[in-house]
Every structure is written in C-alpha cells, then in structure tokens.
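S.K.: Both chains are sitting in their own frames, so use the hints and assemble them into the complex.
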Amino acid sequence: MTISASFKKRLKYFELDISFSCPSENMMVMIGPSGGGKTTIIRILAGLDTPDEGKIIFGDDIWFDSAMRINVSPQKRRLGYVFQDYTLFPHLTMYENAAFAAVNKKEVYELFELFKIGHLRNRKPHRVSGGERQRCAICQTLARHPRLLLLDEPFSALDTITRRGLREELKNLKGSLSFPIIYVTHDINEALFLADEILPVVDGKNDDGWMQRMITREPSDALSARAAREPRLALVY
Amino acid sequence: MDYLALYVTLKLALVTTIFLMLMAAPIAYVLAYLRFPGKSLLEAFIYLPMALPPTAIGFYLLIVMGPKGFAGKAWGFFTGDSLLFTFIGITIASIIYSIPFAVQPMKAAFAKIDRRLLDAAYVLGLSKRSAFLRVIIPNSLGGIAAAAILVFLHSIGAFGVLLMVGGSIPGETKVASIAIYEAVETMNYRAAGMIALSFIPISYVFLLLINKLNKDSNI
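Protein chains in written order, with our numbering: chain A, 17 to 253; chain B, 5 to 223.
Looking at chain B on its own, in the form it has when it is part of the complex (with noise of 0.2 Å):
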C-alpha cells in the first residue's frame, strides 16, 4: 500500500484546511456584512471554482504557475525554484480550488447572527475587530467546523487540479487520488483497491461529524 501518497493526501488537506480557514474568514465577513457595488459579482467569482472543470482550473492555474506565467516568475524571482510539481504549488492550487466551500458556510454562519448583538457590543465599547473576535466567531463555531471539515474532504479528494501542477511525483505531489489512478493504469487493481479503501472510513466519520455539528447549530 502507498503510504507516502496517504501521506502527503492527509499532509495537503491539513495544510489547506488551515490556511483556507484564516483567508476565508475574513472574506466571509465582508461578504455577510459589507454593502458595496459589485459585491454579487465578486461573490460569484469568488465561487467559480465551485462550478469549473477541475481540469479547466488546474489548466490555468498551469498558465499563471508555469515559468512564464507571473506567479510563476515571481517565485521564481524570490526563491530561484519552480511552483510547478512541488508541494508548496499543490498547496495553493488546492486552496483556490476549495475556497467556495470554506466561504460559504461560513458565511452564512455569520448572517445568521442577530445584528441586534453587534449593535449590542459596539455600545458596550467593542471595536469591529474585538467584536469579530469575542461575538461572531464564537457564535458561529458550528458554521466554521463544517466549513474546516468540507474543505478537508474536498481536499482530500481533489485530483484533476492537482495533476495539471503538480504531476506525480512521490513524496511531493503523488497524493493518493492520483495513486489509485496510476495503479489502476498499470493493472494493479489491488493497490488500487487498498488506497481506495482507506478513503472510505475518513470520509464516512468526517460526514458524520458535519451532521452533528448542523444538527447541534439548529437547536
């Protein structure tokens, strides 16, 4: 069994899960409680990867990361490496494709909250930031575990993207997605099998758990 495909599979949701929950924070709140022109249209650009091919994402993704595209050139520029086939550039391909499911609960976690209770600190004497902090967030703890865990899954499963910037290689950018896949083209069904295998009970506890959580916030 490929452990090291596991591995780096458990590694890049993690890292994901973590990075996308502190950057979508911040965009939920804007979009649950700012008013600005354009906002419909920068909410639904925010979640077009939601609705894109993987392949179609991962494809420009490979523009922009490749030496020629600018993310690519800049990396470049600072740390002489390449973006494409490592894990750092796997890792933010990853991100980009799992932002809709980290802002979107999250929210509407935020939204739910009574504006009464903000109106409630700010006289109290709590600035926006502290009323972030010490009022929305852990009001809406629900909404953010089940934003964590959808983006932990999704990320678990991500393979089209991944493949287009990051390839295969062990121990960098063979996530367990593209393992199976490769298994199953050299007709090694039980390798295959064995990986796939391993999904089904992460998946199965981590869905369990998102409908506690919902079931918990709706009391």
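One chain only, chain A, in its complex shape (with noise of 0.2 Å):
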C-alpha cells in the first residue's frame, strides 16, 4: 500500500503546494522550519483539514479528490494519529485510553509490555510523565491497526534523554510495522537517524535544497547551524 497525495491550499501567509508518495514499510520525514505547513499537511492526510484542489490516494482508496468531490471523513480513512502534545482522555486511565479504539483488547497488554509502562495501566494521563503518555499514544494508535502511521513532532515535548530512547524504541519497532509511516520534525539529526525519505518543507513547498544549506552555507541563525554540525550541541538545543 502506497499512500500518495498531490494537493494545494491557500493558507494566510504563504500556499500550500506539495507532491509526495510514500509505500509501506517505509518511513518519510518530513523536516522543514516551523510554521512552514507541515501540521497542515498531516491534518490534511488525516482529513481534518481540507485543501483546495488535488488528490489523495491510498492503495485502491481515493481519500480525496477535489475534481470527483471526494472526501473521506478522518473516521473512515483508518489511520494512526500521534499529536505533538498530548491528546489522551483525561478521564481515561491509560489502559482504557489504549484500548479507546482497539481492535482486539488484548492486544493492549502486549503493547504495553512492549512499551514497559504495563505497571502504569490504571492510571490517569495526568499522573505519568510525558514520555509515558506519548508511548501510551503511540499504543493507541496501534492498537487500532491504522494502515497508515502519522507523527507529527510526537517526541518534541519531551526531554532530551527521554527523546533519544524513544527516537531508537521507534526505529527497532520500524521493522516489525507493515504500513508507511509519516514522521514530522523539525531536528535534522532526527530526521537522519530515523529517516528512509526525507521531505523537507518550507513555506508550504518542498525545499530539496533546504537540508543541505541548513547544515553548509546559509544557516538561518548561526545556533541551528552548529547545532546540526555539531551533534553533541544538539543536547543542548
């Protein structure tokens, strides 16, 4: 299964405008400056925004098409949906947060042992740490069997140690997800650790060139520039 989408919309400062593909067993991400479209792009993919024109094509499924009219709402598409922050119900414990959509209940259990917060199944979201939540998101997300995987920035809020557990957590299950996964950040040394693809996008276009020239000759402020050469600075910042 291949997901592919083509599709323009007009946002207030600049336009959306994007081309990509991806298949499964793959992982594309996109890196780019924030506020640069990336967000949007995912809620598209997941049909909580809408564009203006352009298509979106999952294997035989037509999620969008501006020509035939075509919409499929965010319920039907089927996908995976891990938020920046975190977005488990506060009145949930975490087991029943992971269980919220899951396709086989019992599945929930091995996920969480696979993701060691097992002795944390029946407690609030509030009373965990925030890489605990996330890895209950991502639990989530999974047990729904999604056929496509979206992340948009999922481990940013979290402290550096904890993100580089994660950030190798979520690369050694990569071999085992059967799907393409979509992956948002705005760390290079992120995206080049995790990355099969990488989609760099600024102002709502896809940048080739925008890596590259982050990393050599024309930083847009000389702390991210040493930050991406330099990986031990990138602790810091």
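Because the hints were derived from the structure by calculation, they are not lab data.
Remember, it's a predicted structure, so these values are computed and weren't measured experimentally.
Note that beta-carbon positions come from the ideal geometry of N, C-alpha and C, so glycine has one too.
Any given hint could be a false lead.
To be verified - Pulled a few chain A residues facing chain B out of the computed Cβ check, cut under 10 Å:
1) Gly63
2) Ser89
3) Pro90
4) Lys92
5) Gln100
6) Leu104
7) Phe105
8) Pro106
9) Ala117
10) Thr157
M.R.: Here it is in structure tokens:
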C-alpha cells in the first residue's frame, strides 16, 4: 500500500503546494522550519483539514479528490495519528485510553509490555510522565491497526534523554510495522536517524536544498547551523 | 406548615432540571462548536429570559398558552385540557424561565475542551455523536452538574412567571414561593416564616456543592 498525495491549499502567509508518495514499510520524514505547513499537511492527510484542490490516494482508495468531489471523513480513513502533545483522554486510565479504539483488547496488554508501561495501566494520564504518555499514545494508535501512521513531532515536548530513547525504540519497532509512516520533525539529527526518505518542506513547498543549506552555507541562524554540524551540541538545542 | 406547596416546588424543580438538562445539552453543543450566520442573535435570544422581568415572561407565556394562544390551542386540540393553571403549564414556564442557566455553564464547559481531543477521537473512528457521548460529556461533568444545580435552585425560586401562568391551585400549581406570598397577604407570618426558613438549608447546601464542583474542575 502506498500513500500518494498532491494538493494545494491557500494559507494565511503562503500557499501549500506539495506532492509526495510513501510506500509501505517506509518512513518518510517531513522536515522544515516551524510554521512551514507541516502540521497542516498531516491534518489534511488525516482528513481534519480540507485542501483547496488536489488528490490523496491510499492504495486503491481515493481519500480526497477535488475534481470528483470525494472527501473521506477522518473516521473512515483508519489511520493512526500521534499528536505533538498529549491528547490522551484525561477522564480515562492509560489502559482505557489505549483500548479506546482497539481492534483486539488483548493486544493492548502486549503493546503495554512492549512499551514498558504495563505497570501504569490504571493511572490517569496526568499522573505519569510525558514520555510515558506518548508511549501510551503510540499504543492507542497501533491497537487500532492503522493503515498509515502519522507522527507529528511526537517526542518534541520531551527532554533530550527520553527523546533519544523513544527515537531508538521507534526505529527498532519500524521493522515490524507493515504500513507507511510519515514522521514530522524540525530536528535534523532526528530526521537523519529515522528516515528512509526525507521531504523538506519550507513555506508549504518541497525544498530539497533546504537541509543542505541548513548544514552548510546559509543557515537561517548561527545556532541551529552549529547544532546541526556538531551533534553533541544538539543535546543542548 | 404547607408541606403540599413544598412538595409541588421540589417536584417542579426536579422535573424542570431533568427535562432542561436533556434539552440544553444539544443547544450548548451547537453554541460551543458550530459556526453559522446569526449565531450571536440566536445566543442572545436564548439568554433573553435571564434579562427580562419574570412577570414579562409570564405575561407572554399567558398569552401563548392561553385558550387563544397557539400553544394553548394545540394542547387543547390534542388533550381537551387547558394548559393554564396546570402542573404541566408551570413546568413549561419554569423550563423557559431557566433555559439560560442550563445552557450557559454547559456551553462554557464544552468550549473548554481541547479541540485536539475531538480531532483525536475522530481519527480513532468516533462519529460526532459518539465523540459527544464518550469524550465531551465525561470531560464536562463539572459544568453539567453546576448547570443542573443552578437550574434546580432557580426553579425553586421562581415566582412571577408561575403566578402568571399557574395561579395558586393547592397541590397543582401552588409552589412554596407563592405560598409564602399568600401567607403574608393573610397576615399569617408564622406560616410564611416556616416555609421561608425551610429554603435556607436547601439552597445553602446546593451552593456549597457548586463551589466544590468549581474548585474540582479548576485543577
């Protein structure tokens, strides 16, 4: 199964105009400066925002086609979406959250063991750490057996050490997942570590030269260029 | 002491609260989440009973629910009865009188819910209706309870509206606030004092409850 998308949407400061495709068992990392439209692209793929024109096709299914007036609702796209910060349901325990839309409730226990949060299953989300919440959010998503996984800066609100740990767990997990994964970040090191394929997005458009410019000649600011060039500094930034 | 009037009051307040909570939830949902032209006009209209003198509301209800009004005519056509001076009549009046007190706290509670929680629910496959029942309602219990208590207390205190459409029929439309008024009119201060006194602990306990709910939901 391959997700292919090509669409335009007029935003406040620029026009989103992008096309890409990502096959199964592939992780595409979307990278670029904040406010460049990455989250909007993810929301459009999820069906939470509507593009002005274009097409989104998943395998044989048309999710969106402006010419044919097709727009499949987010409920019917059956995808996994892990948000930037915690969108676990505050009134449910960790287990109830993960089992919220689970295909098979038994799997939730296995996922909890895999992500090492089994001992927290009866806690409410506000009683656990940020890293544990994001682990639970990933369990919630995987338990639904998604056809496509969208991760929108899932670890960016976490401290550096936790972030690195989760990054590695995700990389290890990737081999066992059979669907396409789209991962959003603004961290170059993270992109290089995780990606099978990198899609730089600047002001709503694909800009393949962006990474190189960031690392070499024309950094947007001196600090981020240094952080990109010297991996140890990335611990600080 | 006029226990019958107290009983009618509590029955009226309870029935009003139950019906109004069911009616106000969808209205509050529409006001909190949907955008459409004329929304602020509609919202102001819904809150109007809060700003009008109760006797003015009662006057219009009297006209509408009277034998020549459309509600009174329709009711008469289907049941052969009058809507005025009946328990059902004062229940309708009491519901209209208290609508703002149900809608406003519920709308505030619904609007406070993070929109991303709803996005997450939709992506997880929940329809708008299930998201309302499984996400919005459980996360606004504080606001819903506050609305219920406010409505209950406000209906206990209703006087002008009820007097206009219900009059004072013992066991049917004579509520405690009207009983107090009548007792004073007949110089029976002792009876008036007894009923008045019985309100204080009821209202006080419910207000304490509201305070506690507000504190809990602010954490």
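S.K.: Determine for every hint whether it applies to the structure shown.
M.R.: Checked hints:
1. Gly63: holds (8 Å)
2. Ser89: holds (8 Å)
3. Pro90: Hint holds; Pro90/A Cβ to chain B Cβ min 4 Å, cut 10 Å.
4. Lys92: holds (8 Å)
5. Gln100: holds (9 Å)
6. Leu104: Where the cut-off is 10 Å and the nearest Cβ of chain B is about 8 Å from Leu104/A, the hint holds.
7. Phe105: It holds, given that the least Cβ distance between Phe105/A and chain B is near 6 Å, below 10 Å.
8. Pro106: holds (6 Å)
9. Ala117: Result: holds, 4 Å to nearest chain B Cβ.
10. Thr157: holds (8 Å)
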